[in-house]
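Protein chains: 2
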Amino acid sequence: MRAFTIESEKSDFQYLRLANEIESKILGGEYAAGDRLPSLRKLHKQLNLSISTVYQAYIELEKRGFTEARIKSGFYVKPLLRNVLPSPKFEKQKDAIPKKVSINPVASAIVEAMSDPKILQLGAAAPAPELLPLKQLARTVKSVSLKNLESIMATYEHPAGNIELRRQIAKRTLGFSEKIAPDEILTTNGCIEAVNLCLRAVAKSGDTIAVESPTYHGFLQLIEDLGMYALELPTDVTTGIDLNYLEEALNRNTVKACLFNPNFHNPLGYNMPEENKEKLAALLNRKEIPVIEDDLCGDLYFGEKRPATLKSFDKKGLILYCSSFSKTLAPGLRIGWALPGKYLTAVKRLKLNTSVASSRLNQCVIAEFLKSGAHDRHLRKMRNALKNQMSNMSLAIARHFPQGTKITSPNGGLLLWLQLDETVDSLKLYQEARKHSISILPGIVCSTSDKYKNCIRVSCGYPWNERLEKGIVTLGRIVAECRGIYA
Amino acid sequence: MRAFTIESEKSDFQYLRLANEIESKILGGEYAAGDRLPSLRKLHKQLNLSISTVYQAYIELEKRGFTEARIKSGFYVKPLLRNVLPSPKFEKQKDAIPKKVSINPVASAIVEAMSDPKILQLGAAAPAPELLPLKQLARTVKSVSLKNLESIMATYEHPAGNIELRRQIAKRTLGFSEKIAPDEILTTNGCIEAVNLCLRAVAKSGDTIAVESPTYHGFLQLIEDLGMYALELPTDVTTGIDLNYLEEALNRNTVKACLFNPNFHNPLGYNMPEENKEKLAALLNRKEIPVIEDDLCGDLYFGEKRPATLKSFDKKGLILYCSSFSKTLAPGLRIGWALPGKYLTAVKRLKLNTSVASSRLNQCVIAEFLKSGAHDRHLRKMRNALKNQMSNMSLAIARHFPQGTKITSPNGGLLLWLQLDETVDSLKLYQEARKHSISILPGIVCSTSDKYKNCIRVSCGYPWNERLEKGIVTLGRIVAECRGIYA
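The listed protein sequences correspond, in order, to chains S and Y.
Position 33 of the first sequence, counting from 1, maps to 33 under our numbering, and the rest follow consecutively.
Position 3 of the second sequence, counting from 1, maps to 3 under our numbering, and the rest follow consecutively.
Keep in mind the hints are simulated off the structure, nothing from the lab.
Incorrect hints may have been included.
If chains are identical, the list can't say which one is meant, so a pair holds when it fits in one copy or spans any two.
List time: in silico DSBU-like cross-link candidates among lysine-lysine, alpha-carbon distance up to 30 Å [as the list claims (entries may be wrong)]: (1) Lys-470 x Lys-89; (2) Lys-371 x Lys-118; (3) Lys-147 x Lys-118; (4) Lys-279 x Lys-305; (5) Lys-256 x Lys-99; (6) Lys-63 x Lys-25; (7) Lys-256 x Lys-204; (8) Lys-381 x Lys-147; (9) Lys-118 x Lys-171; (10) Lys-25 x Lys-316; (11) Lys-147 x Lys-428; (12) Lys-406 x Lys-92; (13) Lys-118 x Lys-135; (14) Lys-100 x Lys-204; (15) Lys-381 x Lys-305; (16) Lys-99 x Lys-342.
My request is simple: use the sequences and hints to build the entire structure.
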């Protein structure tokens, strides 16, 4: 069963096809953890491929986190991520009701501490600088002529955003729906400003917003700031919100809008199945309820193709799509965007009243980079790196955390969600970890309830190294110590 | 009485002292419009100053808008701005009540059209690019090393803002109160984001905010967006809000916060007298009512010294000071700041939740420029230019507008406020002017009432030229045509 069937036709991507085939054999269980892959020479003869093509495929698999090279011995299969630890499981809640949110004091303190470079940052959902194309971006800044720089700074940018950047974004979002025109796009100061403006365009103080449970703490903070109520929907760790439950909840409650993150959900990491997205969009279109879709990590998929967006199933312009370049290009540039559908005018007006326009300089730099064509190449590399980092992090957690730890196995993004022994109080754990200069995100800030009291979110944004390994060893020890004592 | 008393001591600034002395003679009425100033040779002998020093003083006066050179004839005194046309006058309103605001549809359309370069922009309160130090700023961008650019873009900036920029701002605000530390400052995406965050920190949907009447339309738009109510206070064209009226209004109404613009008020242009500021701060401190102070144009004074801020009289940390670099350095960079007093934590949290942080690149560029020491030199030049532009604009309006036109005579900033014949509907006037590719701001968007229906705001951001002169001729003709017909 281990025979390879690669056709011997000439192609630059032979190595990729070979890597894909071996990957599916590993995923299918034909190769187990610890198995040695065939030697380069053997596959070279068997498949009539050059030694260098086979070698490239093996390097690709290593980048993807499936194999490791051992000196003078060959390539070995690493333990599979998805089989390492069981998935988190939560009891289904009954009859969720809209709740006032008050997580800001805790969440703000945690988020503010995230910028301290002395702390091992397992809490912040940010990619490591070495994963970003900063050299090219810096060169792009340098290449702008003095004269252009002057005119870039001289006047306010158009409130809807730099037209060249909107053209580039429109090009890249061709697959979303039949046609996205630059005029349908609005650029913002990062994804969170996009979400903020969209939320304010569709709901006001006192209104109820349906969210996934758990959800991104930033969403709850926004809802709190805007005096709105959160209705938390039961959410499966691998498929997302329960559609039947949602329909019932919409009948029971007056929900003004939904705020969802269907692709590589923060914090759960799942990618909602395409048929669920289609049903979800249809249901909310039918009920005329606007949905704000956060697709911040949609480009960071580990599989074969980019997951579909909820927006692509929108027939009525009721889905307000939000994303940004903060996770894929440069957090420091603060550029995101929205496709607000039929709420475009309202969102544009709010943008104008809130910050006039986003910085033209930063928008021009990103537009130039996108035009250069380097973005897809960069994203391919980044996805491989993240996949590998997440695999290493999962394995380290499996090695060093107490028995009973449950963990998600996302197919994209950069976040892991851990369910610890139910006696662990993650806020105490957070405080203990901080004493050891380690930051994590306690589950308590991802909900209005204390349902995720024993959960934490861990970021895999950084390439694996000794410091990270040591950090996970320490964290595992603290988790063990926290068991029971705060129960 | 026309003798000059300059002492003959050596100084680089002799020319400035001479210019100041002549200026006060003009202001005091010793020289009238049309008078010829003494010849260079005469003053050179009389004051024992070099010819070039006297010449410099005359050029300085020309820059300030007091004189004009006539070829082969000498320097002549121009008509004095403040005597050109009478000041606008409004009936005092009685018992103002909080009102819901709904100016957004009109105001947004007007503001959005302001970015069209084909239109003569008399509506937008923006300085001409040639008044800004864009060359130095562009060179500052260019001078950042590749390595620094990389690290600037790699991570989120601190939510409170770039520390070097906050240090520079703290240095420049030494005179505000006893000590401003960088930690008390928060940088934002322009002044309007600062005002927005401060307003949200002190009030919520349904609350009443006291504002000047007329006020900056952007404030009303914010109040509308946030579901708040506006209480418009009677405001004198030269001294600002009526303090007795304010005290009564505060007794009659539950005012949650005030939103004032005491220096070079938008749109009235007045600079509130220092004793009024002191009384105002004391009154609101006593009543424990927070005040958001917009000081956007405080650096653009035409007189001898920068006007005091309301903040400098704040004893309780209840004044939330807001400003920006958009009017003085570069609108395109979108960097402003706030000194939120005792609301610092709340404002910081809102900033984090709204846009994480402002762009580090743009903040670094401004910090470098401020460090270079070029800012004060630049501001001196810019103030002279604006004073001259405003003088030219006022004179042109006096020449070309129908009799009965009233006009403000601001001592700083870049805005004029015109009260036209009471039969003129400024919104119709706006529409007629747009047909001739001229943009103005109709007074209707500066109030929840139609009290300023026959007023318009005109910006003096651009150096005087033939296109502007022609535009004013056209506008004057349209004003004349609009009289009566819409009554």
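Tested hints:
| no. | hint | in the structure |
| --- | --- | --- |
| 1 | Lys-470 x Lys-89 | within (28 Å within a copy, 74 Å between copies) |
| 2 | Lys-371 x Lys-118 | between (37 Å within a copy, 28 Å between copies) |
| 3 | Lys-147 x Lys-118 | between (40 Å within a copy, 21 Å between copies) |
| 4 | Lys-279 x Lys-305 | within (21 Å within a copy, 66 Å between copies) |
| 5 | Lys-256 x Lys-99 | both (14 Å within a copy, 26 Å between copies) |
| 6 | Lys-63 x Lys-25 | within (17 Å within a copy, 80 Å between copies) |
| 7 | Lys-256 x Lys-204 | both (9 Å within a copy, 19 Å between copies) |
| 8 | Lys-381 x Lys-147 | between (35 Å within a copy, 22 Å between copies) |
| 9 | Lys-118 x Lys-171 | between (40 Å within a copy, 28 Å between copies) |
| 10 | Lys-25 x Lys-316 | neither (42 Å within a copy, 70 Å between copies) |
| 11 | Lys-147 x Lys-428 | neither (55 Å within a copy, 39 Å between copies) |
| 12 | Lys-406 x Lys-92 | within (17 Å within a copy, 71 Å between copies) |
| 13 | Lys-118 x Lys-135 | within (24 Å within a copy, 38 Å between copies) |
| 14 | Lys-100 x Lys-204 | both (14 Å within a copy, 15 Å between copies) |
| 15 | Lys-381 x Lys-305 | within (14 Å within a copy, 58 Å between copies) |
| 16 | Lys-99 x Lys-342 | both (28 Å within a copy, 29 Å between copies) |
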